[in-house]
Structures are given as C-alpha cells and as structure tokens.
Amino acid sequence: MKLFALLSAILLTKMYLLAAQTVDNSTSTPSSCNEQCEDFDQYCEISTGMCRGPSYDGECFNPATGAFQDGCD
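Oh and the sequence shown: position 18 is 18 in the numbering used here, straight run, nothing missing.
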C-alpha cells in the first residue's frame with residue numbers, strides 16, 4: 001500500500017511538471033521582448049516584439065499591457 005502511494009505521488013508530480021512545462025512553452029504572443037531597446041524613447045511592444053517609439057503625439061506606451069495606447073492617462 002505504501003509503495004502504491006509513493007508511485008502515485010511520483011506520477012502525479014511528473015504530470016504536474018509536464019503540464020507546467022507545456023504552459024510555459026505555449027505563448028499567446030508571436031514574440032517576446034527579451035532585449036532592452038537602444039533609444040531612450042523606444043519601448044518593445046509585445047504584439048510585435050520590436051522596439052519603437054510613439055507614432056504620433058498622444059500615443060503612449062502602457063507597461064502593464066505591453067502596448068501603445070491613445071492618451072497618456
């Protein structure tokens with residue numbers, strides 16, 4: 001009985017680790033921003049994975065969403 005409990009715990013742990021690895025490897029974004037942008041006013045947009053600055057006056061980068069937005073509020 002103890003052996004069965006031990007084997008069940010090991011199997012369950014391996015299944016959780018495999019599930020966690022699968023979640024980590026599947027990203028919903030096409031690319032990620034791992035490198036720092038070169039220019040001071042540039043930010044890496046998560047949807048493109050490219051560094052860029054605002055395209056027009058009033059466009060601001062929102063670090064919480066990783067995207068540019070209208071307005072700087």
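In case anyone wonders, no lab produced these hints; they're calculated from the structure.
All C-beta atoms in this analysis are idealised placements derived from N, C-alpha and C, irrespective of residue type, glycine included.
Where hints are given, some of them may not hold.
[Claimed, not checked] Ranges of calculated distance between the beta carbons of each label pair, as one might list FRET restraints:
no., residue 1, residue 2, range
1, S47, D73, 43 to 51 Å
2, T65, A9, 19 to 27 Å
3, C33, I10, 58 to 66 Å
4, F4, N34, 52 to 60 Å
5, G66, K14, 17 to 25 Å
6, L11, A67, 24 to 32 Å
7, S8, G71, 19 to 27 Å
8, A64, A5, 18 to 26 Å
9, E38, G71, 21 to 29 Å
10, L17, D41, 21 to 29 Å
11, G53, S8, 53 to 61 Å
12, L6, E35, 29 to 37 Å
13, N34, G58, 26 to 34 Å
In ascending order, which of the hints set out earlier in this document are inconsistent with the structure?
1, 2, 3, 4, 5, 6, 7, 8, 10, 12
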